[in-house]
Amino acid sequence: MDDSTIDAARALGDPLRRRLYNYVADSGEEVGRGQAAEALGIQRTLAAHHLDRLAEAGLLEVVRRKVSGREGPGSGRPAKLYRRSVHEVSIQLPPRDYELAARVLAEAVERHGAEESLHAAAREEGRRIGAATEAGSVLELLRTRGYEPEAGPEGEADGSGFRLRNCPFHRLARDFPPLACGLNLELVRGMLAARAEARGEEAAEARLAPESGRCCVVISKNNDS
Amino acid sequence: MSTPSPHPSFHLAQINVGLLKEPLDQPSMSGFTDLLEPVNALADRSPGFVWRLVEEGEPDATKMRPFGTEVLVNLSVWETVESLWDFTYRTEHLELLRQRRDWFHRFSGAHLALWWIPAGTVPTPEEGGQRLETLRAKGPGPDAFTLRDPFDPPATPQFSHP
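Top line first, the protein sequences correspond to chains C and P.
Numbered per UniProt numbering, the first sequence spans residues 1 to 225.
Numbered per UniProt numbering, the second sequence spans residues 1 to 162.
By construction, these hints were calculated from the structure, which means they are not laboratory data.
You may find that some hints are simply not true.
[Said to hold, decoys possible] Rough simulated footprint, nothing fancy, chain C against chain P, three-plus residues with beta-carbon under 8 Å: (1) 81–91; (2) 122–136.
[What the hints assert, rightly or not] Interface residues of chain C toward chain P, partial, derived using beta-carbon atoms under 7 Å: (3) Asp2; (4) Ala9; (5) Leu12; (6) Gly34; (7) Gly113; (8) Pro177; (9) Glu201; (10) Glu205; (11) Pro210; (12) Ser212.
[Said to hold, decoys possible] Just the calculated beta-carbon pair ranges, DEER-fashion: (13) P:Arg65 to C:Glu211: 31 to 41 Å; (14) C:Arg64 to P:Pro47: 26 to 36 Å; (15) P:Arg65 to C:Pro78: 56 to 66 Å; (16) C:Arg44 to P:Pro8: 42 to 52 Å.
In this text, a Cβ means the ideal position worked out from N, Cα and C, and glycines have one as well.
Make a model of the complete structure from these sequences and hints.
In structure tokens:
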């Protein structure tokens with residue numbers, strides 16, 4: 001574990017900073033200082049201070065961009081905006097390396113051509129999660145599993161459904177796209193199916209619709225979500 | 001993946017082979033054959049697409065079987081590794097890959113190989129077969145590599161294939 005990981009974790013030790021980080025991460029876009037201050041009900045200078053600390057710790061990235069609609073002195077200067085960093089922070093004590101194990105297992109599945117078993121196992125795991133969840137909605141279930149769901153995709157005929165902003169298996173999906181995305185799709189399908197069955201509802205539908213920068217699975221909403 | 005500007009002198013050649021579980025005219029293969037036309041059309045209009053092997057008078061190369069009657073071959077040329085990666089994994093093509101075990105046996109040996117060719121040329125299936133063999137024998141290297149372990153184009157236009 002290197003010092004930058006410790007620094008990143010320590011930066012989140014401050015409750016206000018944690019709220020700011022969550023606000024920027026949840027927004028899924030670039031956030032200005034004024035916008036963040038207003039959302040949290042704090043002073044702009046205070047928000048700026050903490051946003052910069054988060055950026056120094058590598059948790060946020062700073063973007064400078066001209067923002068339209070601003071007037072008055074200084075309006076021509078590019079604004080300082082913040083978005084969640086692509087840099088991943090993970091701390092595991094004692095040291096663990098589950099990702100390495102996942103990569104080796106993925107390679108073995110591929111070599112053996114065991115995709116069918118992988119899909120079945122993922123679907124069953126998803127069903128266990130879906131049956132046990134206490135989440136009040138599909139949206140909340142996906143949120144608790146780290147998918148960061150948001151409304152969309154725009155392409156859907158009725159405008160319903162979710163896109164998932166975060167891929168929980170990001171680096172594995174980068175190296176083993178069909179395997180990791182196939183695993184994820186069955187996991188989500190299992191979750192949705194088991195949750196819906198437990199409630200006597202019709203399950204929302206999950207399918208692959210790959211796009212850069214987010215999870216490859218999209219969900220067609222049903223009435224309960 | 002972001003797309004860097006294409007290399008002026010080199011293009012990326014790609015071969016992949018698939019061992020059919022059943023002849024293409026069988027009902028069990030219709031999931032695959034139904035996707036052929038739309039996915040090929042998608043490839044043709046993808047950014048960075050240069051060329052793909054097509055049999056004369058046919059829409060694709062599925063009737064060409066240079067490696068045996070049960071082995072399908074894909075042979076194509078792209079501007080960059082990134083353009084091929086994006087088509088392979090960030091389009092409907094991913095769905096085809098996800099289901100590939102429904103239609104194809106696991107292939108012993110390498111089933112996909114990439115290598116750099118002079119821009120403006122096209123590879124032959126025989127050359128592709130040699131690259132697959134190089135990859136199988138030596139693992140990923142500048143002469144034959146994979147999307148997971150890509151190599152940059154050669155610094156100087158030297159082409160030798162051991």
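Hints, one by one, checked against the model:
1. 81–91: The restraint on the stretch 81–91 of chain P holds, since 5 of its residues have a Cβ under 8 Å from chain C and three suffice.
2. 122–136: n = 0 at 8 Å, threshold three: violated.
3. Asp2: Interface hint status for Asp2 of chain C: violated (26 Å vs cutoff 7 Å).
4. Ala9: With Cβ-Cβ at 29 Å, over 7 Å, it is violated.
5. Leu12: Status violated, d = 29 Å.
6. Gly34: Not OK, violated: Gly34 of chain C not within 7 Å of chain P, min 30 Å.
7. Gly113: This hint holds: Gly113 of chain C lies near chain P, its Cβ roughly 3 Å from the closest one there, short of 7 Å.
8. Pro177: For Pro177 of chain C, the interface hint holds, since the closest Cβ of chain P sits about 4 Å away, which is under 7 Å.
9. Glu201: 26 Å, violated
10. Glu205: It is violated, given that the least Cβ distance between Glu205 of chain C and chain P is near 14 Å, above 7 Å.
11. Pro210: Holds. Min distance 5 Å.
12. Ser212: 6 Å, holds
13. P:Arg65 to C:Glu211: 31 to 41 Å: 35 Å Cβ-Cβ, so the 31 to 41 Å window holds.
14. C:Arg64 to P:Pro47: 26 to 36 Å: At roughly 28 Å between Cβ atoms, Pro47 of chain P and Arg64 of chain C fall inside 26 to 36 Å, so the hint holds.
15. P:Arg65 to C:Pro78: 56 to 66 Å: 59 Å, holds
16. C:Arg44 to P:Pro8: 42 to 52 Å: Roughly 49 Å apart at Cβ, these two residues keep to the hinted range, so it holds.
Consistency note: the structure conflicts with the earlier hints numbered 2, 3, 4, 5, 6, 9 and 10.
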